[in-house]
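Trainee: Sequence positions in the sequence shown follow this note's numbering and run 1 to 252.
In short, the hints are calculated from the structure, not lab data.
One or more of the hints may lead you astray.
Claimed, not checked - Straight-line alpha carbon distances no greater than 25 Å define the calculated PhoX-like cross-link-like pairs of lysine-lysine that follow:
id, residue 1, residue 2
1, Lys220, Lys168
2, Lys224, Lys129
3, Lys129, Lys71
4, Lys129, Lys168
5, Lys224, Lys71
6, Lys224, Lys168
7, Lys228, Lys129
8, Lys71, Lys223
9, Lys168, Lys223
10, Lys244, Lys129
11, Lys228, Lys168
12, Lys134, Lys168
13, Lys71, Lys134
14, Lys71, Lys168
15, Lys220, Lys71
Said to hold, decoys possible - Pairwise CB distance ranges (calculated):
id, residue 1, residue 2, range
16, Val139, Leu34, 37 to 45 Å
17, Ser99, Phe36, 22 to 30 Å
18, Ile83, Asn133, 30 to 38 Å
19, Lys129, Val3, 37 to 45 Å
20, Gly197, Lys129, 46 to 54 Å
21, Ile83, Val209, 27 to 35 Å
22, Glu128, Thr196, 39 to 47 Å
23, Val209, Lys134, 31 to 39 Å
24, Thr79, Leu217, 27 to 35 Å
25, Tyr29, Val209, 18 to 26 Å
26, Glu128, Leu247, 41 to 49 Å
27, Leu251, Lys129, 44 to 52 Å
C-beta atoms are modelled at their ideal positions from N, C-alpha and C, and glycine is treated no differently.
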Amino acid sequence: MFVIGFIGSFVSGMVGIGGSIIKYPMLLYIPPALGFIAFSAHEVSGISAVQVFFATIGGVFAYRKGDYLNKQLIIYMGTSILIGSFIGGYGSRFMTDSSVNLVYGILAVLAAVMMFIPKKEIDSIPLEKVTFNKWVATVSALFVGIGAGVVGAAGAFILVPIMLLILKIPTRMTIATSLAITFISSIGSTTGKLLTGQVLLVPALIMIVASLIASPLGVKVGKKVNVKLLQGILAVLILATAIKIWLDIILV
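Please take these sequences and the hints and turn them into a complete structure.
Mentor: This is the structure:
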């Protein structure tokens, strides 16, 4: 559990996501592969929700200095995604395990497609001149929040490509700001999961400790890595996860 949490949180800090896109399949598939009891999709989503809350705290703290956090984006998208993630997190209690996996698979495919679409030179835009469509940001964050809340994610794995491709936010600002937005999102999804008894406390605590250690380390590495490489890493991770989830859905 600690190793899964550490690896997932390190990568999440590096590429600006909460980490559920990585840890959801790891928690779902690795324990039974090693001979341990398998977690259900509801249990995995509950553990992921709590873990993401703490992983994003570490990431945002590491980015607190500098001009990478866009406060307007955080306010508009953060407020909207908080509402959506609570709806998804609370409402997921009425869904089957296969339905939770289906939602995850849909989100992962959408994110993978958007990550592989060529992007214009957004990284040449000065940070102080960055603008965005407030309605598009608000509405997209609401729907992402609902879907992400269902699977115990904070939604950064689909927020990042939306911010890059649709809102035209420079990569490093996207990475830093998405961590702040997903922290807000994780409040809603975690609250919904806790209120409906979907969180296993001991596994969640182990993941939290790993997240607080690994996420800030990932941020430090991410600041030194080429932005194109960061986008490529995220795109490959999302695509691989989407393929695995859909193979399981189709073959079951």
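Trainee: Determine for every hint whether it applies to the structure shown.
Mentor: To see whether the hints hold, each was checked on the structure:
1. Lys220 with Lys168: Distance of about 24 Å is within 25 Å: holds.
2. Lys224 with Lys129: 23 Å, holds
3. Lys129 with Lys71: Roughly 13 Å between the alpha carbons, so the hint for Lys129 and Lys71 holds.
4. Lys129 with Lys168: 12 Å, holds
5. Lys224 with Lys71: Given that 25 Å is the threshold and the Cα spacing comes to 23 Å, the pair holds.
6. Lys224 with Lys168: 22 Å, holds
7. Lys228 with Lys129: 21 Å, holds
8. Lys71 with Lys223: With a Cα-Cα distance of about 20 Å, the restraint between Lys71 and Lys223 holds, given a limit of 25 Å.
9. Lys168 with Lys223: 20 Å, holds
10. Lys244 with Lys129: Violated: Lys244 and Lys129 sit about 40 Å apart, past 25 Å.
11. Lys228 with Lys168: 15 Å, holds
12. Lys134 with Lys168: Cα-Cα ~12 Å, so holds.
13. Lys71 with Lys134: 13 Å, holds
14. Lys71 with Lys168: 16 Å, holds
15. Lys220 with Lys71: Cα-Cα ~21 Å, so holds.
16. Val139 with Leu34: 37 to 45 Å: 42 Å, holds
17. Ser99 with Phe36: 22 to 30 Å: 25 Å, holds
18. Ile83 with Asn133: 30 to 38 Å: 19 Å, violated
19. Lys129 with Val3: 37 to 45 Å: For Lys129 and Val3 the Cβ distance comes to about 42 Å; the hint holds.
20. Gly197 with Lys129: 46 to 54 Å: 47 Å, holds
21. Ile83 with Val209: 27 to 35 Å: 30 Å, holds
22. Glu128 with Thr196: 39 to 47 Å: With a Cβ separation near 43 Å, Glu128 and Thr196 satisfy 39 to 47 Å, so the hint holds.
23. Val209 with Lys134: 31 to 39 Å: 38 Å, holds
24. Thr79 with Leu217: 27 to 35 Å: 30 Å, holds
25. Tyr29 with Val209: 18 to 26 Å: Given a distance of about 22 Å, which is inside 18 to 26 Å, the answer is holds.
26. Glu128 with Leu247: 41 to 49 Å: 45 Å Cβ-Cβ, so the 41 to 49 Å window holds.
27. Leu251 with Lys129: 44 to 52 Å: 49 Å, holds
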